[in-house]
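Novice: Given next are the chains, with one letter for each unit.
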Amino acid sequence: DTGVSQDPRHKITKRGQNVTFRCDPISEHNRLYWYRQTLGQGPEFLTYFQNEAQLEKSRLLSDRFSAERPKGSFSTLEIQRTEQGDSAMYLCASSFVQGAYGYTFGSGTRLTVV
Amino acid sequence: AQSVTQLDSQVPVFEEAPVELRCNYSSSVSVYLFWYVQYPNQGLQLLLKYLSGSTLVESINGFEAEFNKSQTSFHLRKPSVHISDTAEYFCAAAYGGATNKLIFGTGTLLAVQP
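In the order they appear, the protein sequences are chains L and A.
85 is the number that our numbering gives to position 84 of the first sequence; each next residue is one higher, with no gaps.
54 is the number that our numbering gives to position 39 of the second sequence; each next residue is one higher, with no gaps.
No lab work stands behind these hints, which were simulated from the structure alone.
Fair warning: there could be bad hints in the mix.
[As the list claims (entries may be wrong)] Away from chain A, derived, C-beta distances all over 10 Å, residues of chain L: (1) Phe75; (2) Ala94; (3) Tyr102; (4) Thr113; (5) Val114.
[To be verified] Straight-line distance between alpha carbons at most 27 Å, and here's what the computed DSSO-like set of lysine-lysine pairs gives: (6) Lys58/L to Lys12/L; (7) Lys64/A to Lys58/L; (8) Lys64/A to Lys93/A; (9) Lys84/A to Lys58/L; (10) Lys116/A to Lys84/A; (11) Lys58/L to Lys72/L; (12) Lys72/L to Lys116/A; (13) Lys12/L to Lys72/L; (14) Lys84/A to Lys64/A.
From the three backbone atoms N, C-alpha and C, an ideal C-beta is built for every residue, glycine too.
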């Protein structure tokens, strides 16, 4: 297993368009997380899954955002009607259920909304 | 509100000099603490963690951090830095044993100069 993979690495989109990001976690990990990181800030929690169940969503995750993990493996994060404020690095991470052992992060998808 | 504070946004230091990156967390009965490192265009990598037990934790590349409950701090130290240590360092906390969500600080850029 080569770690957590995220695709694409970079995405430039026009305001109002929809975008979808994919995350492939470490196969043995039950938990999958999405974080958002803006310039000069630390990552902020968006949502997490345990297997295929989405167990918590941050209030940062507006109605335009939706995340899925259909078979408890890869996950997708979709943003509808993108806004310039959505420009950020979107990070995916995975861990065992006992997340205290630490997360493994992917390299992120950098979204630029123009 | 639960938070993590990294007061120093940037720490310049000469190669082979000691360094301390400061991190303070909001007081809590139960907290797990982490340091992550982020190299340019890469995801976050776990550097070290404090869960319980010995208050001094070490990483494999010479960093150490000490959990200080009375001062609510978890400062990161290295006695002698290398150019390759140049990176962004993030302190993070999981409160109340809730490892499904990490609260990150804003990060400290460690800039090692020759």
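Novice: For the pair supplied as a hint, Lys84/A and Lys58/L, confirm whether the alpha-carbon distance does not exceed 27 Å.
Specialist: violated (30 Å)
Novice: Taken at face value, is the distance from the CA of Lys72/L to the CA of Lys12/L at most 27 Å?
Specialist: Distance of about 25 Å is within 27 Å: holds.
Novice: Mind verifying the non-interface call on Phe75/L? Its CB should be farther than 10 Å from each CB in chain A.
Specialist: holds (16 Å)
Novice: Does Lys12/L sit within 27 Å of Lys58/L, going by the straight-line distance between their CA atoms?
Specialist: Roughly 23 Å between the alpha carbons, so the hint for Lys58/L and Lys12/L holds.
Novice: Is it correct that the beta-carbon of Thr113/L has no partner in chain A closer than or equal to 10 Å?
Specialist: holds (14 Å)
Novice: Quickly compare the C-alpha distance for Lys116/A and Lys84/A to 27 Å and report which way the hint goes.
Specialist: holds (21 Å)
Novice: Are all beta-carbon distances from Ala94/L to chain A longer than 10 Å?
Specialist: Ala94/L is in fact no farther than 10 Å from some Cβ atom of chain A, at 8 Å.
Novice: Would you mind confirming whether the straight-line C-alpha gap from Lys64/A to Lys58/L stays at or under 27 Å?
Specialist: holds (25 Å)
Novice: For a C-alpha distance cap of 27 Å, please report whether Lys64/A and Lys93/A respect it.
Specialist: holds (15 Å)
Novice: Are Lys58/L and Lys72/L close enough, with their CA atoms no more than 27 Å apart?
Specialist: Between Lys58/L and Lys72/L the Cα gap is close to 19 Å, so the pair holds against 27 Å.
Novice: Is the hinted pair Lys84/A and Lys64/A satisfied, with a Cα-Cα distance of at most 27 Å?
Specialist: holds (15 Å)
Novice: Hey, is Val114/L genuinely clear of chain A, shortest beta carbon separation above 10 Å?
Specialist: holds (20 Å)
Hint violations for this structure: numbers 2, 3 and 9, all remaining hints satisfied.
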